[in-house]
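I would like the entire structure built from these sequences, with the hints used as guidance.
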Amino acid sequence: MNALAPLSGLANGACDAAPVIQERGQREVFCGLTGIVWLHRKIQDAFFLVVGSRTCAHLIQSAAGVMIFAEPRFATAILEDRDLAGVADIDEELDAVVDRLLARRPEIKLLFLVGSCPSEVIKIDLSRAAARQSRQHAPRVRILSYSGSGIETTFTQGEDACLAALVPTLPPEPENASHSLLVVGALADIVEDQFARLFDVLGVAPVRFLPMRRAADLPPVGPNTSFLLAQPFLADTAHALQERGARLIEAPFPLGAEGTTLWLRAAAKAFGVSEARFDAVTSPARARAEQALAHYRDALAGKRVFLFPDSQLEPALARFLAREMAMRIVEIGTPYLHRRHMAPELDLLPKDAPIVEGQHVEKQLDRCRAASPDLVVCGLGLANPLEAEGFATKWSIELLFSPIQGYDQAGDLAELFARPLNRRARLEV
Amino acid sequence: MQLTLWTYEGPPHVGAMRVTAAMRGLHYVLHAPQGDTYADLLFTMIERRDTRPPVTYTTFQARDLGADTAELFKSAAREAYERFSPQAMIVGASCTAELLQDDPGGLARALDLPCPVIALELPAYQKKENWGASETFYRLVRGLAGARRDRPLRDRKSCNILGPTALGFRCRDDVREIEKLLATLGVDVNVVAPLGASPKDLTRLGDADFNVLLYPEIGLAAAQWLERAHGQPFTRSVPIGVGATRDFIAEVGRLAEIDPATALETNDSRLPWYSRSVDSTYLTGKRVFIFGDATHAIAAARIAQDELGFEVVGLGTYAREFARDVREAAARYGVDALVTDDYLDVEAKVAELQPELVLGTQMERHIAKRLGLPCAVISAPVHVQDFPARYSPHMGFEGANVIFDSWVHPLMMGLEEHLLTMFRDDAEFHDGAAPSHLGEEQEPRRPTSPAVVSDIVLAWADDAEKELKKIPFFVRGKARRNTEKFAAERGLATITVETLYDAKAHFAR
Ligand code: SF4
Ligand code: SF4
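Line by line, the protein sequences are chains Z and V. Its first residue numbered 1, the first sequence is counted upward by one per residue in the numbering used here. Its first residue numbered 1, the second sequence is counted upward by one per residue in the numbering used here.
Fair warning: there could be bad hints in the mix.
Stated by the list, open to error - Listed below are the simulated DSSO-like cross-link pairs for lysine-lysine, each with C-alpha atoms no more than 27 Å apart in a straight line:
(1) V:Lys-485 <-> V:Lys-286
(2) V:Lys-74 <-> Z:Lys-363
(3) Z:Lys-363 <-> Z:Lys-303
(4) Z:Lys-42 <-> V:Lys-369
(5) V:Lys-349 <-> V:Lys-504
(6) V:Lys-485 <-> V:Lys-369
(7) V:Lys-74 <-> Z:Lys-123
To be verified - So the derived label-pair ranges between C-beta atoms look like this:
(8) Z:Arg-140 <-> V:Glu-82: 41 to 47 Å
(9) V:Leu-468 <-> Z:Asp-81: 50 to 56 Å
(10) Z:Ala-96 <-> V:Lys-469: 45 to 51 Å
Unchecked claim - Take a look, some chain V residues computed to stay more than 10 Å from chain Z by CB distance:
(11) Gly-10
(12) Ala-62
(13) Ala-70
(14) Leu-111
(15) Arg-176
(16) Trp-460
(17) Lys-469
(18) Asp-502
Just so you know, the hints here were simulated from the structure itself, not pulled from any lab data. C-beta atoms are modelled at their ideal positions from N, C-alpha and C, and glycine is treated no differently.
Right, dumping it as structure tokens:
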């Protein structure tokens with residue numbers, strides 16, 4: 001998949017709403033390897049082995065905050081000169097590394113071989129290696145592969161590639177299976193549990209989640225499965241699920257009270273839940289969310305926000321900030337815009353908010369400075385320099401690492417944006 | 001193929017970035033995919049830099065591979081020059097671009113930019129971060145220092161300070177401390193590089209009489225070249241610790257042909273007296289494990305043994321380039337040097353040795369935390385907390401003061417150790433209470449990867465368990481481990497009171 005393939009005609013007329021500008025130049029976005037940092041927390045008996053360079057090893061280590069975990073469930077098989085020169089047999093080397101790893105970590109049930117830029121440029125066939133090793137280590141461990149390389153994927157697309165690799169291994173749903181719902185995209189466990197409870201009361205059942213918490217709990221999939229994306233960056237996964245006959249429920253993403261309602265309602269509708277029942281079930285949580293949001297609205301309303309590209313969450317975040325927090329959107333950067341999945345979001349966005357797909361970081365910084373927004377949402381590489389220039393910033397990475405989806409996190413989501421402004425107001429130095 | 005969980009060093013181009021980011025007026029054009037821009041956050045987050053490192057990445061993508069990545073490099077280099085108008089540029093490739101063989105040096109030459117352009121060849125699949133920094137600094141010095149010439153006539157001798165970089169361990173404050181020391185000695189500082197220097201400053205390197213080499217991992221190659229090309233001798237002692245600082249002063253005295261007596265007299269380090277004071281008695285023979293870059297590890301071993309009265313039970317480095325120096329030092333302490341860049345080897349060694357204090361990098365801090373051992377950081381790789389707001393050098397006499405505090409604080413304090421033993425039945429010192437220096441932490445956790453691998457499940461007899469509880473809790477964990485190790489080695493299935501005391505006698509020193 002090529003994240004930056006020029007986009008052809010739009011899937012529907014939905015996005016005449018906002019102008020989309022394509023930009024090309026130096027990017028300041030993580031590669032897909034970074035997804036490992038949250039995925040390995042999510043699938044608790046999985047392990048991620050990057051086949052790459054010292055740079056890749058250094059990246060995941062730095063992204064994981066220089067050792068949050070004593071012994072993490074990820075590692076790197078670092079390619080060396082002898083691997084490149086063909087002195088070493090790559091297959092043998094890789095098998096030996098995997099054997100060593102599995103001997104050391106007997107609790108691993110699912111191992112992902114993760115491709116990187118170097119492994120792709122020298123064309124190491126990881127899917128073949130995974131198949132070979134799977135035969136060897138069956139039934140104890142399953143071994144799959146995907147690419148998290150920076151030439152193919154940005155930041156969150158690593159999760160997409162990982163989940164898309166899982167889809168073909170999901171069991172088929174049994175004959176005459178009842179209509180089931182699959183929620184797709186890594187969510188914090190607490191959020192997942194909240195959604196599970198809501199669906200339960202709504203009478204939407206069975207509900208399953210991908211990724212699953214344990215490698216063995218693969219959700220079945222088939223033509224009676226409807227799926228709902230919990231994250232906007234899952235284009236390949238959605239495609240793979242559709243190949244298996246599953247149906248996508250289109251909806252905005254569950255950010256904020258409105259987003260969560262629209263997302264849940266789309267599912268409820270697909271499962272024939274009456275509007276009255278839906279309102280009865282969701283209104284208490286909705287009221288709670290509204291109340292929490294009201295708390296922060298004063299701080300945010302009317303403030304101008306500029307979003308740098310990072311996770312593909314940007315249009316959904318902008319929608320939340322504009323509609324629920326009354327903020328003014330200066331620019332929405334996104335590394336890639338999947339127009340079909342984003343159409344329900346784009347419909348809701350203010351018409352004048354420019355969307356910039358891709359990046360030329362220097363030019364984008366120039367635009368940001370010229371616009372002098374009240375708040376900048378950006379990656380860690382830009383945050384402190386922008387603070388030093390006098391901007392209030394919100395690190396975008398927190399939007400992936402903190403639970404922000406659903407009613408009971410709506411206030412937390414708003415708080416993430418309000419805190420930098422609050423802090424500036426407090427400081428007298 | 002090497003399996004790594006954590007790495008002590010990044011790739012060589014990160015070393016090049018550490019040099020570039022340390023300097024002013026220099027720009028680095030790096031042929032690299034987008035994900036490699038993560039390196040920016042090392043500087044902006046860990047070091048809390050208020051500017052982005054002066055690096056332009058080409059951030060090529062898969063679709064560029066078939067087309068023209070070389071063209072992408074050229075436009076990035078041209079644009080970077082126009083935007084930043086640097087005094088000089090360095091160009092190179094990261095690990096992925098190295099495979100594309102686009103030859104950034106040749107491409108940049110073809111652009112004919114109106115500033116010196118230095119091409120770096122940093123073999124990413126052989127070398128690592130410190131080597132990359134050293135090579136970059138060497139290439140810059142070689143490329144910019146010019147030919148040997150007569151030195152300007154001056155009353156005072158002058159020197160350059162070589163080696164400090166961005167993201168280095170305490171470089172910022174070390175340089176200040178050493179500048180002060182040199183001023184006391186009556187020696188002028190000509191150029192400090194790379195930290196704070198511009199390419200123009202590097203052209204003046206040859207004007208100094210000698211070089212002060214503070215960080216050999218980074219500055220040695222450049223110092224050696226300057227010695228050959230400009231006839232500048234350089235200092236070999238690195239002033240970390242009281243003894244080494246005295247050696248350093250004497251060495252500078254010789255090179256500058258001055259009498260260092262005044263500087264030695266004004267030695268205001270409190271370390272020697274603090275070490276002799278009665279409260280430090282408890283430090284006697286504390287068993288310490290040391291791991292880091294070669295310079296800091298070797299210096300730490302000397303301080304530990306000679307200036308704090310510890311016992312060095314382990315010494316090692318991840319820097320293979322300096323393995324010989326570390327082996328020699330280790331031999332002086334009667335231990336085998338651990339030379340490895342495998343984090344797991346280091347962890348296994350620490351678990352096996354059960355030292356009372358670990359002096360290491362951020363990696364060892366984590367290992368120590370996991371094993372419930374006190375630890376102080378003495379070397380890169382660094383973390384945000386190694387860039388403290390306060391003045392906190394490691395070099396010179398003030399550095400020795402800082403070292404005394406920061407190594408001794410993680411340990412139980414002298415009087416506290418005695419009082420806890422005396423009052424252990426007091427309610428305030430009940431079993432669960434942690435010593436004050438450990439804050440919230442409870443009794444050190446037992447290591448999850450035990451040093452003793454044994455299939456026998458060791459059972460504690462009831463009275464032995466009771467006896468164990470009488471041992472002050474802050475050494476109880478160690479007593480438990482030692483006893484279990486002792487029992488396992490002897491194949492005992494049950495630990496009795498006898499076993500407990502046999503083990504105590506066995507491990508007594
Ligand atoms: S955010 Fe701060 S504490 Fe966390 S990893 Fe980055 S530098 Fe370290
Ligand atoms: S961009 Fe490529 S080479 Fe760089 S860390 Fe990511 S996968 Fe590795």
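Now for the hints, and whether the structure bears them out:
Restraint check for V:Lys-485 and V:Lys-286: the C-alpha separation of about 20 Å stays at or below 27 Å, so the hint holds. A hinted pair counts as satisfied when its Cα atoms are at most 27 Å apart, and V:Lys-74 with Z:Lys-363 qualifies at roughly 18 Å. Straight-line distance between C-alpha atoms of Z:Lys-363 and Z:Lys-303 comes to about 23 Å, which keeps the hinted pair within the 27 Å bound. As the CA atoms of Z:Lys-42 and V:Lys-369 are separated by approximately 24 Å, the hinted pair is consistent with the 27 Å bound.
Distance hint between V:Lys-349 and V:Lys-504 is fulfilled; the C-alpha atoms sit about 22 Å from each other, no more than 27 Å. Of the supplied pair hints, the one linking V:Lys-485 and V:Lys-369 holds, its CA atoms being roughly 21 Å apart against a limit of 27 Å. For a cut-off of 27 Å, the pair hint linking V:Lys-74 to Z:Lys-123 stands: about 26 Å separates their Cα positions. Z:Arg-140 and V:Glu-82 have their C-beta atoms about 58 Å apart, which leaves the hinted 41 to 47 Å range violated.
The supplied range of 50 to 56 Å is met by V:Leu-468 and Z:Asp-81, whose beta-carbon atoms lie about 53 Å from each other. Taking 45 to 51 Å as the suggested C-beta distance range, the pair Z:Ala-96 and V:Lys-469 conforms, at roughly 47 Å. Distance check for V:Gly-10 against chain Z: the nearest CB is about 4 Å away, which does not clear 10 Å, and the non-interface claim fails. At roughly 4 Å, the least C-beta separation between V:Ala-62 and chain Z is not larger than 10 Å, which violates its mark as non-interface.
Distance to chain Z confirms V:Ala-70 as a non-interface residue, since its nearest Cβ pair spans about 15 Å, more than 10 Å. Every CB of chain Z is more than 10 Å from the CB of V:Leu-111 (nearest about 17 Å), matching its label as outside the interface. Every CB of chain Z lies more than 10 Å from the CB of V:Arg-176, the least distance being 22 Å, so the non-interface label holds. Listed as outside the interface, V:Trp-460 is consistent with that label: its C-beta sits roughly 26 Å from the nearest C-beta of chain Z, beyond the 10 Å cut-off.
For V:Lys-469, the condition that its CB be more than 10 Å from all CB atoms of chain Z holds, with the nearest at approximately 28 Å. Consistency note on V:Asp-502: stated as away from chain Z, and its beta-carbon is indeed over 10 Å from all of that chain's, at 33 Å minimum.
Going through the hint list in order, the structure does not satisfy hints 8, 11, 12.
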